[in-house]
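Engineer: Below, each chain spelled out in residue letters.
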Amino acid sequence: MAILSVENATVLFDAPDGGTVSALDRVSVRVEPGSFVVALGSSGCGKTTLLNLMAGFLAPTSGRVTHGDHPVLGPGAERGVVFQNDALLPWLNVIDNVAFGLRLRGMPRKERRERARAMLDLVGLAGFADHQVWQISGGMRQRVGLARALAADPEFLLMDEPLGALDAMTREQMQELLLDLWARTGKGIFLITHGIEEAVLLATRLVIMSPRPGRVTAELDLEFGREAAAETSARRVKSDAAFVSAREQVRDLVFANAQV
Amino acid sequence: MPDIFAILWAAAAAERRAEQPAGQGQASTRRRTGVRRRVFGTTAIVTTVVLFALWWAISHAGLVPPLFLPSPEAVATQAIRVAADGYVDATLAQHLLASLGRVFAALLAAVLTAVPAGLAIGLNPFARGILEPPIEFYRPIPPLAYLPLVVIWFGIGEISKVLLIYLAVFAPVALATAAGVRSVDRERINAARSLGASRGQVVRLVVLPGALPEILTGIRIGLGVGWSTLVAAELVAATRGLGFMVQSAAQFLATDVVVLGILVIAAVALVLDVLLRLIQRACVPWQGHR
Ligand SMILES: Nc1ncnc2c1ncn2[C@@H]1O[C@H](COP(=O)(O)OP(=O)(O)OP(=O)(O)O)[C@@H](O)[C@H]1O
Ligand SMILES: [Mg+2]
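Heads up: the sequence lines are chains A and B, in that order.
Using our numbering, the letters of the first sequence map in sequence onto residues 1299 to 1558.
Using our numbering, the letters of the second sequence map in sequence onto residues 11 to 300.
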């Protein structure tokens, strides 16, 4: 399987005052198959912009985005996306939203619903298949968005704060689910979060960013995700001394940036 | 000249905004909305009754001759007579059907052409450059002003009448569709594309349903405009239709039939609007939710 890579990418936006905003400044990130890359950074540091580059929604002002040997020129089903504000289709009910990607491929209705049902089961929404999307909570909608991306079985999963609107308990369950999925399928994952603990738990590679201009200020290789996936208990890993010290180290790095 | 389309459009948008809190608002907001609605409903009914009573009183006081203001009873009697025996060779139902037939033929043709045209305008700047200028040019012209030209070109047959209404409906539906297309959430389109949707699939499965609320609003406005163009259209050598009935009754100074015709035209407009609102509610239940 091929590597998804952003090389030396700069993204400039027009600012309201007539100047330009440097949303990303010479940023490079590689997502290898089987790796779990997490981007951590304060609001406005360009995380979503970086994800948009990988997804192909946006072309860099300069630099390159490649998938294997090919340049990324637009979105594609091999790079599944979970959006910051779910982006579900309100005219479809929950299960048809989850099955949407399969429908686009022409999979027969019965088959795709079966698969969608299994995905809903996985994210803990088995009882909500026939609900309308406006009848479920924000956290549930995020999980429907996750199920929708998973159902399409992409090579890479790009997730923009997929667990942001979840309560602490569901959030922990979803972290374990993500780790389990990742360990079993070997997909390459790129995930954005504001949670330091979440980042340290999930990442095999942690990318710390800072704003104005959006830059990568530190990168770390971590192992807790594999450990937690093997033990299927995120709680235990989080209380390990090694985890706690790594978490504090990352906290220092994040706050060191914030001071500058 | 105030632009009727712009006004209707703004009114429909304001109404949609006003309807939103009822679905998801807090109990107190909903209760307040409920009270406001009841106050409005009661006042509206009282106003209507008072207007009718005034009409009745003035016509019975003998202040105005019946030629200028026939009494409600005279109009009611005419209603029964025209319904049973007809007026100028057709019963009320036949006049009504003739008018409805023209409006619906025009509406059908307009929806079938204006929705694709609106999609093209909203999706493609090239198509927009071709289609928008002529639409924006003729839209503010009152149909009566170009009626003579339509007659010169297409004669005095049924085609001219339907064409006139068609033109009146086409513009609001096309422009509403284009506005609906432009309002479709960018993220939803991106979501579909990252699930592997082709361009055609994006248009069919995301853009069209996303624009549906505005398309239906456009159709509602178009139907209102189309119905009000009816009398103008039926000026063209018609032998049937509500507009024609009112015209010929006026020539014979049969004021009671004129008033009857006006009341029927108003009632039909009201029924059509209510029907379309029901359709809108049934087709876009997600309206007002995100
Ligand atoms: N379409 C746009 N036009 C202009 N400026 C933009 C646009 N999109 C993003 N920006 C700017 O680029 C910067 C980075 O935005 P981005 O959405 O990537 O941040 P983020 O890290 O995802 O923030 P958050 O954590 O709040 O989601 C911000 O300063 C933002 O104002
Ligand atoms: Mg963001």
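Since the hints were derived computationally from the structure, they do not count as laboratory data.
Any given hint could turn out to be false.
To be verified - Examples of chain B residues toward chain A, derived with CB under 10 Å:
no., residue
1, SER208
2, VAL216
3, LEU222
4, TRP296
5, GLN297
6, GLY298
Predicted model, so just to flag it, every value in this text is computed and none were measured.
Backbone N, C-alpha and C define an ideal beta-carbon position, used for all residues, glycine too.
Engineer: Each hint needs a verdict: does it hold in this structure or not?
Structural biologist: Here is what the structure says about each hint:
1. SER208: 8 Å, holds
2. VAL216: Result: holds, 7 Å to nearest chain A Cβ.
3. LEU222: Result: holds, 8 Å to nearest chain A Cβ.
4. TRP296: 4 Å, holds
5. GLN297: 9 Å, holds
6. GLY298: 9 Å, holds
Hint check: no violations occur; every hint is consistent with the structure.
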